[in-house]
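Visitor: Given the sequences, and given the hints that come with them, work out the whole structure.
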Amino acid sequence: MFEKKIPFIVEVLKTKGLKEIEYKEGDKSIRITQDPYSSNNNQIENFNSNEDLNDFVVLNNNPDAKENVSNSENKATSKEDMVNLSDIKSHIVGIMYIAPSPGKDPFVRKGDRVKEGQTLFIIEAMKFMNEVKAEFSGTVEEILVEDSCPVEYGQVLARIKKDN
1 MFEKKIPFIV
11 EVLKTKGLKE
21 IEYKEGDKSI
31 RITQDPYSSN
41 NNQIENFNSN
51 EDLNDFVVLN
61 NNPDAKENVS
71 NSENKATSKE
81 DMVNLSDIKS
91 HIVGIMYIAP
101 SPGKDPFVRK
111 GDRVKEGQTL
121 FIIEAMKFMN
131 EVKAEFSGTV
141 EEILVEDSCP
151 VEYGQVLARI
161 KKDN
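In terms of UniProt numbering, the sequence shown has 112 at position 112, counting the first letter as 1, and numbering is strictly consecutive.
It is worth saying that the hints were derived from the structure and are not from the lab.
Okay, the calculated beta carbon distance ranges per label pair:
| no. | residue 1 | residue 2 | range |
| --- | --- | --- | --- |
| 1 | Lys24 | Asp112 | 28 to 34 angstroms |
| 2 | Ile6 | Lys115 | 38 to 44 angstroms |
| 3 | Ser86 | Pro7 | 34 to 40 angstroms |
| 4 | Glu3 | Phe128 | 48 to 54 angstroms |
| 5 | Pro7 | Arg113 | 35 to 41 angstroms |
| 6 | Lys14 | Ile92 | 26 to 32 angstroms |
| 7 | Tyr153 | Lys24 | 31 to 37 angstroms |
| 8 | Lys127 | Lys28 | 46 to 52 angstroms |
Keep in mind it's a predicted model, so treat the numbers as computed, not measured.
By construction, the Cβ of each residue, glycine as well, lies at the ideal position given by its N, Cα and C atoms.
Guide: The structure is reproduced here in structure tokens:
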């Protein structure tokens, strides 16, 4: 029965413009995310089973996202993993870009190792380009904002697992 709800869950994700959605019921759960850099657009991320759609948890709103479901085994979602992650936050209001210019490779991708001072993103504000740099060395675990999307002051842009 739970498996039959997956298309509906994906449809909610698409129609509501969400980046990520999680549904839990009893001992079963599913988390569906949209990753703009994944080549597989219809892969189910995590699967445990559930029946009622009353327990949706909206994790991140993203109006321009394309449907994409990725494997949650690659995500740091357990409480233990989340404790080891540090948030990279926006220091200014503006438009965030993940690459130096359109069509170029992004500064960083999920899973990339970064060094302290390395440029992660740029935020355009009042025609000025402001670099967002890594405050420490580590591994990029999550990128939470898509390219060319507006960001607010203090908004979490990415999560990095610090090197020990």
